[in-house]
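Spelled out from the first residue to the last, the chains are:
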Amino acid sequence: MNRRRLRRAFGEASADQRRAADEAAAQARADLAAGGFAANVSPDPALEAQARAVSFDAVMRLRQAEAEGKATSARSAALSSAAPRSVLRRPVLLTGLVAATVVVAVVVSAVLPGGTPSAAAGTPPLLTFSQVSVSTDLDDVEPARAELLTLASRAAAQPAVDGSRGYVLTRSEWALSSSADASDPRAAVVPFETTITVTPDGAAVRVDHRGTPLTPDGRGIAGSSAPPGGPALQTDRFPPGYLDLQLPASLPRDPTALRGDLVQRGDCLAASAQGAAASGGDDGEDAVCLVKAVTSLYSYQLLPPDLQAALWQVLAAEPGLKLAGTGTDRAGRPCVAVVLDTSQGGRTERWVLMADPATGAFLGMDQMLTAGSEGGVPAPVVLDFTVERGARSF
Amino acid sequence: MQEAQFDALHRTMADEVYRFAARRTSHATAEEVTAEVFMALWTGRHKIPEPPDEQRAWVFGVARRQLLRAQAAEERHRTIGARVRAALGVGAPVVEEDVALDVLETHAARRLWDQLPVRDQEVLALTAWEGLTPAQVAAVLGVSITAVTTRLHRARRHLADLQQSPHEDTAGDRS
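Chain order of the listed sequences is A and B. For reference, each letter of the first sequence is one residue, going 1 to 394 in the numbering used here. For reference, each letter of the second sequence is one residue, going 1 to 175 in the numbering used here.
Quick caveat, the hints were computed from the structure, so don't treat them as lab data. In this text, a Cβ means the ideal position worked out from N, Cα and C, and glycines have one as well. A few of these clues could be false.
What the hints assert, rightly or not - Derived DEER-like restraints, expressed as beta-carbon distance ranges: (1) A/A30 / B/P51: 47 to 55 Å; (2) B/H153 / A/G241: 48 to 56 Å; (3) B/G44 / A/A30: 49 to 57 Å.
To be verified - Taking lysine to any residue pairs in the SDA-like style, the calculated list, with each CA pair at most 20 Å apart, reads: (4) A/K292 / B/L68; (5) B/K47 / A/S14; (6) B/K47 / B/D7.
Please model the complete structure; the sequences and the hints are all you need to start from.
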């Protein structure tokens, strides 16, 4: 939230517009009450009181830490001392922060073969690319427009696929916050291998296996989509109708129309359907939203080549996406990479999208934190990566 | 904002923030989100607007962002379903499955609610559950007040459609 957002909401509407909005709100409240959609439950007063106490405690500790001049560690101090109360619950925001003080002492800044600096051995080494390193200021880097348009034309030349009869997606994933070992510098990085099988009725089964540890250069993921052996860690089943298999066919192929559709679906904060330039760039929020929309499409859908091409064209129009150059992805495949800096909710992240330069196929994404720290591990650190290993129709 | 003013704001809004989160996620996460919200507010206290009306919008804006972050962290824990993933994909916090049972009175209501697109759910819930004014909702969502009016109309129409044909799944953003 910023002042501009507040002004827009509070200052710019006419009296008529306000009246119309009030009326719509009153009708919505009435509809929800009549339909049984009113929020039924007020939370348990005891739990409410507990949450209140925890928040007062956290702010008090934050103030104390600030007063003692430990501004940088104040937040973790406040959180970690609030944490022991909750040892039995699944850690969410507090993951790793409890161990923060221990970690700081043992984090090593190893230099791995190929000169890749690693923040901590319990996290994947950063991948390197020909033109941009993690310390490069992206303001000095050219937009990836030409490269993205080339990817679009490569993708468009691929044979058609039809996912409407069902498909299988295979990928490997790793996330700092789900990794118990991230703060252990001796720990290997072990990704999950996920297989998503989707049937024509839109039902899906997602099976996760433990993968093989990454090699010291941060790679070593099997590029093939061969199913992993061993017992499944987790199996999730989603009922018929969960996925709309007609969606890829129904999305527009015209980049402008497709952008509008993605913006609409993505509920982008400041995006306009006219393009990034028309909305004044707005802190790169458009690009972030579009990248999220594109990657979430790849997460569960089998995308035909003409749609893949159109998606690259949409991204090509975003000046915030910069060319990182060529490199090798975590499965050892040659790739071209585009990067985007994001800062949302006070976090500074860099996202790296990788694609096959020959086929225009999306190969995966790395998300890293470029300032501050996460889970006690200082930036730069990989927060999350996905490696697309295969997508085939039945 | 002075410390005393901050404390007053904290006292006034702590329960509201917790309720906002607890209607959408587990108690444990809601509790953590509440602490995160007030820590973030404290750190950025010089930016908090003066008018109480705007303060409330500001606090809910921070709360929404922290909840989104928490749910994204849950996503990284791989403990959530595809629906939450889909919602996060569109950048909106979602009412999690286990919580929906508590929040909505009947199974029928919950089933219909689940079929509403996430952005419809969000504008309705902020208006009806949190009782925010249209201007406050606009500020929280980062849109204009007329966009809120449009979204409310669309969400109500969607809900009415669903109520008339309860077996048809018209949710468009599931995938």
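Query raised in the report: Would the pair A/K292 and B/L68 pass a check requiring their Cα atoms to be no farther apart than 20 Å?
Result: holds (14 Å)
Query - Status of the given 47 to 55 Å range, CB of B/P51 versus CB of A/A30 - result: violated (28 Å)
**Report entry** Satisfaction of hint between B/D7 and B/K47, Cα-Cα up to 20 Å
**Finding:** Between B/K47 and B/D7 the Cα gap is close to 15 Å, so the pair holds against 20 Å.
Query raised in the report: Is B/K47 close enough to A/S14, meaning Cα to Cα at most 20 Å?
Result: At roughly 26 Å apart (the allowed maximum being 20 Å), A/S14 and B/K47 break the hint.
**Report entry** Range agreement (Cβ of A/G241 with Cβ of B/H153, hint 48 to 56 Å)
**Finding:** Once the Cβ atoms are compared, 26 Å apart, the range 48 to 56 Å for A/G241 and B/H153 is violated.
Query raised in the report: Are B/G44 and A/A30 spaced within 49 to 57 Å by their CB atoms?
Result: violated (36 Å)
The earlier numbered hints that this structure contradicts are 1, 2, 3 and 5.
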